[in-house]
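S.K.: What follows is the residue order along each chain.
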Amino acid sequence: MKNFISFADAGDYRALLQQAFEIKANPYGYKHIGQNKTIGLIFFNPSLRTRLSSVKAAYNLGAQAWVLNAGADSWTLEMADGAVMNGSTQEHIKDAIAVMSEYCDVLGVRTFPTLQDREADYSEDVLNKILQYATVPVISLESATLHPLQSFADLITVAETKQKERVKVVLTWAPHVRPLPQCVPNSFCDWFSEIDWIDFVITHPEGYELDPRFTKGARIEYDQRRALEGADYVQAKNWSSYQDYGQILTQDADWMLTPMHMAYTDKAKFMHCLPVRRNVEVSDAVLDGPGSLIIQEAGNRTISMQTVLHELLK
Amino acid sequence: MKNFISFADAGDYRALLQQAFEIKANPYGYKHIGQNKTIGLIFFNPSLRTRLSSVKAAYNLGAQAWVLNAGADSWTLEMADGAVMNGSTQEHIKDAIAVMSEYCDVLGVRTFPTLQDREADYSEDVLNKILQYATVPVISLESATLHPLQSFADLITVAETKQKERVKVVLTWAPHVRPLPQCVPNSFCDWFSEIDWIDFVITHPEGYELDPRFTKGARIEYDQRRALEGADYVQAKNWSSYQDYGQILTQDADWMLTPMHMAYTDKAKFMHCLPVRRNVEVSDAVLDGPGSLIIQEAGNRTISMQTVLHELLK
Amino acid sequence: MKNFISFADAGDYRALLQQAFEIKANPYGYKHIGQNKTIGLIFFNPSLRTRLSSVKAAYNLGAQAWVLNAGADSWTLEMADGAVMNGSTQEHIKDAIAVMSEYCDVLGVRTFPTLQDREADYSEDVLNKILQYATVPVISLESATLHPLQSFADLITVAETKQKERVKVVLTWAPHVRPLPQCVPNSFCDWFSEIDWIDFVITHPEGYELDPRFTKGARIEYDQRRALEGADYVQAKNWSSYQDYGQILTQDADWMLTPMHMAYTDKAKFMHCLPVRRNVEVSDAVLDGPGSLIIQEAGNRTISMQTVLHELLK
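Protein chains in written order, with our numbering: chain A, 218 to 531; chain B, 218 to 531; chain C, 218 to 531.
Here chain A stands alone, though its shape is the one from the complex (with noise of 0.2 angstroms):
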């Protein structure tokens, strides 16, 4: 593993996940491999899960963190190339990415998207850069358009709770009341269309279809209860249209994940990332009943992050 960008960088993705189930029965067994690493941290927008899953992780493996809220911590950045640097922007990112280079082993990153301009936010033009200057690993705390450490750990908290050989996993669209990046739902699609021993089913309402590179030909299921039938994992999730760039094409509450909507599935497992809406995107009753893995998806942020760090630091 060079980067940790998306799905393609986990390589054969049943050696990395036999790792985190090693690296999550014995957390402070690895202490050796981030001996003497420092590990940077830049968030270019708010984080709570990625932050103190990163920190804690990097912890858990004998590595020291560091954690830069640019902006408020730092400088404003030139993003562009040959720019004449007079107006606002203070350091260009190729120097800054170089510089924070000389400072950490492995560098974690999250951007985002505008949401305005479709083409700019998918051409991940901000990480490229990143990945373009940095002389260290690079890792994506969420980028414009995929969360891997998100669906990594999603990933882990399927296979470390099903009871079957193979499992139906859906992933549902959930009202909002902003528009909301297309990001974790794109990477959701980007790993669990590729795993095995998973039947893989997206539902959203019409115009809510994501970007045909992620969703890979996954089966779509615009009908919600159709796609719930037989389900054995649901993660909801809102996302703004991806078609009509950054919209809100509904707000329609029938979507709103609820316990009668859960008994059209075989006794699913619920998922969210978080942070959720609740009432809005999901009810209190399926968050916080017995089927809700919400916490344990979120202390897996952990297990995921340590790993890809072991991987990198190895």
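If you're looking for bench data, these hints aren't it; they were derived computationally from the structure. Possibly wrong hints are sitting among the right ones.
Remember, identical chains collapse to one label, so a pair may be satisfied in a single copy or spanning two.
What the hints assert, rightly or not - Calculated pairs, EDC-like style, for lysine to aspartate or glutamate (alpha carbon to alpha carbon, straight line, at most 20 angstroms):
id, residue 1, residue 2
1, 346, 505
2, 379, 469
3, 254, 322
4, 241, 322
5, 311, 505
6, 381, 341
7, 248, 322
Everything numeric in this text was worked out from a predicted model, so none of it was measured.
Position chains B and C relative to chain A; hints supplied.
M.R.: Just chains B and C now, kept in the frame of chain A:
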């Protein structure tokens, strides 16, 4: 000790004090206790002493600490049970605290009072929700009504400097330009009224009576001079009115502690939890005088936190 | 070494440089030095290099570091002795610094100039108060007039790359769109004018003369081309006027360093402390050319800090 919220959690205070002295004598002698442990510190408002002393205490015990400035670093939190979260709050405290519990072994939390709604503040709604949802031990880093780590540090300071079997300790109200919480004086009363070798007296202008739940029948003396007579220790602190909730009833400069006031005492040591408004609450001559313990008292914040962490992790 | 504020604190610079080379060759070989030590880092304005390199330097020595963004993370500070604090300041610097000294073994502090009042800035009022009240060694992380960790890193960079016994080093002023402090050029002069194997020349437009206290009689050449002739190292940096304090006297683009300018030199290596306004101060072709040392120079910030910490903690 399961959590550390008030004096009641201290258990046998003599044993806790003894442990504090041992830790102060040998601050790096307990590093096995914190090995592989992570201490999470969440601040809902700014902090200097609590933040830095807590981080240092964690290090001294061989543990790692992370600090989260709620709001700035993460999301805005919903507090109401059953809320339909279609407004500005982004994550329910129920989920945030359960998730943070996944990323640490002990959770320290600083909340704060509104000073607008006494019933709400004194119900400790936020802290109680945190206690309800946390799955790891919780330490109050100051709440709406109490500041136990400060009071324990104050007790350590008195215990390690006293030169008599019994000592008289006076808590005196002091003027200020802004309305301040009652946490520090409430907590001082909560602790000092329970110590059998302390004669404890509270002095303040009429109308500044604290919640009797915390003063527990301690002697209240409205005449500051009479209160100070024969005192061995004077702790000065401003607070806003509990009865006329959150109001400033007087700024009477006669209550500002000066050498003239200290002359009424039995060469008392002077204490203040800091920050202090110099020459408003207390004059420079007292703060910088030979009897001032304010820096030693602040230094003992590391010891009080380290002792509490030791109890929770051992 | 008691504190690290200017070249004078370096003592025998040859010995310090030798120590730096040993640390660079064996960065994790001095972990016993920092054991059980805490490094406090206080920033009164934003930082990238200083913040991250200082944290990394502490880790490399086996020490722990905490970072405090003054203002954002804590209180507003009163600077005036004897002030009646009935205004907006919440804590006196006297108390804040004495207290912070309780929570760390070395204190690093970044202050900054107003660029409005030369006398106030050059009196280093804030830094001197910190030195007065701190009870642990103090490291300047850049002050109103100097930036010694940067200059020491610059010296390490020249010393480890030079291929002659004696080298000519030129500090050249460069254009900028905003008025910048004189700290970096002052400090560069403070150090480089004292090195016996360096021929040191300063070049800038008339009116940009630096404080003679720091240039110490070094050769000043107003003709940039003549200054650059035969140079082995060129350090470019903008600064605002010291004489016409804080003013921008010219933005003459002829002073922007380009390959044409570098052609006057003896194939000089190029240096800049960063952040740099690309194509305003220096052209991309110079910054990204084969003779550019800017990233190595930034990397040496870890070494300069680690060497200074080693001196103070050993």
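S.K.: Out of the numbered hints, which ones does the structure contradict?
M.R.: 2 and 6
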